[in-house]
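Q: Given next are the chains, with one letter for each unit.
Number of protein chains: 2
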Amino acid sequence: MIKRVPVVERIMSANDQIASENHKLLNDFRVFSMNFMASPGAGKTSLIELTVKELANNWELSVIDGDIATSIDADRASAAGAQAIQVNTGGECHLDAVMVRSAIQQIDLGLTDLLIVENVGNLICPASFELGTHINVLISSIPEGDDKPYKYPQMYQHIDALVINKIDLLPYVDFNLEYFLKGVEILNPGLLNFQISCRTKEGIKNWTRWVAENVTSFTGEELITHL
Amino acid sequence: MIKRVPVVERIMSANDQIASENHKLLNDFRVFSMNFMASPGAGKTSLIELTVKELANNWELSVIDGDIATSIDADRASAAGAQAIQVNTGGECHLDAVMVRSAIQQIDLGLTDLLIVENVGNLICPASFELGTHINVLISSIPEGDDKPYKYPQMYQHIDALVINKIDLLPYVDFNLEYFLKGVEILNPGLLNFQISCRTKEGIKNWTRWVAENVTSFTGEELITHL
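Going down the list, the sequences are from chains L and W.
Going by the working numbering, the residue at position 14 of the first sequence is 21; the numbering climbs one at a time, nothing skipped.
Going by the working numbering, the residue at position 164 of the second sequence is 171; the numbering climbs one at a time, nothing skipped.
These aren't lab readings, by the way, just hints derived from the structure by calculation.
Note that the coordinates shown come from a computational prediction; the quantities given were computed from them, not determined experimentally.
Where hints are given, some of them may not hold.
Said to hold, decoys possible - Computed spacing ranges between beta-carbons, pair by pair:
#, chain 1, residue 1, chain 2, residue 2, range
1, W, Arg-37, L, Ser-109, 50 to 56 angstroms
2, L, Ile-79, W, Thr-77, 45 to 51 angstroms
3, W, Ala-86, L, Ile-79, 36 to 42 angstroms
A virtual CB, placed ideally from N, CA and C, is assigned to each residue, including glycine.
The following block holds chain L by itself, in its conformation from the complex (with noise of 0.2 angstroms):
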């Protein structure tokens, strides 16, 4: 009698497979990766600019840049004073494991404490393909309005934090905050947000004091001064 074994095996696809050679990766290496994810102008580029200037001062700071098209973010992220690589996906609506791959063999990883890569601006694709990076970050932003959690829902699904940009123009927008949490709630229980403003600089220092813990607690380094 042939006994069958039953043999479940998660079977992963090749963006995927990738995706953990990359987190192998930056893990050998000690470098803490955040991928960060929003709507076209929701303030991806700004964010980094004002993170690589806060942190670039206590740590090595790697942005990767993925755009359609041109260079601008990649420009921004190294006057900043971070090692930029700009990846132009050639019309590819999202950054997939291949890219970041490449993008990551040109950065010196052993100088590098903390790696952000900017994906495409687009609330839909980018949630679908893992790039190996430790956490998924979603930048939102008031004037895109209330209903976004309910009408992404995959994306605020995926993340493990959020940052809700432009707060200083909720005089000025209809934008229901209340409804917006909710929202954010439903889909991610306990979701932890930041409120900021990267014009006016409120919350920004609730956010790189975030990010600043887990890189320490990431590459094992205690802070040189404190922010």
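Mind docking chain W on chain L? Use the hints.
A: Chain W in isolation, oriented as in the chain L frame:
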């Protein structure tokens, strides 16, 4: 001797073929149609609401709302006074001609003068899929930033009219209108643009007058009242 006859033929994609059938159907019923594209939260639904409210006294309007989830947008279009059909793309990041064909089949085209198709909120993918509508309209918005034409060139090249929404937020954000319009002009010379605010209603009459002129000249009907 065999004479070779050069055959030059545009090979249409399956999507383009169905888009062409949609186009013919809309022509046959003399339905003027627009494809609204934009980032999430730029104001597609708000502009549809205002357009429907403004024009519903003179014409019959239908709206096809593309979303990855929920029927929030179709509910709003319906409340404003249009026949509204919701298309949930099941996670897909854009509408395609097949989805629009299915939706058109649920609309009474004999009772429609103007059809507005609200695409999925996305600045990238929708630009690659013709739906069969007469014109493509992009709704951009001030808080998205003035670099968007440079960063999403394909979308800006692909459109017949540009609506710049949330113009009332200009004093509160860093947005160089000249730099933005220069980018637009490079990509799409002479493109018609409407500077509006769905919130304050600034510029809305200019927009609806232009839409009304298009519907009038397409359907051959005279305006019943002046707008």
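Q: Run every hint past the structure and note whether it holds.
A: Cross-check of the supplied hints:
no.: 1; hint: Arg-37/W / Ser-109/L: 50 to 56 angstroms; result: holds (52 angstroms)
no.: 2; hint: Ile-79/L / Thr-77/W: 45 to 51 angstroms; result: violated (33 angstroms)
no.: 3; hint: Ala-86/W / Ile-79/L: 36 to 42 angstroms; result: holds (40 angstroms)
Going down the numbered hints, you'll see the structure goes against just number 2.
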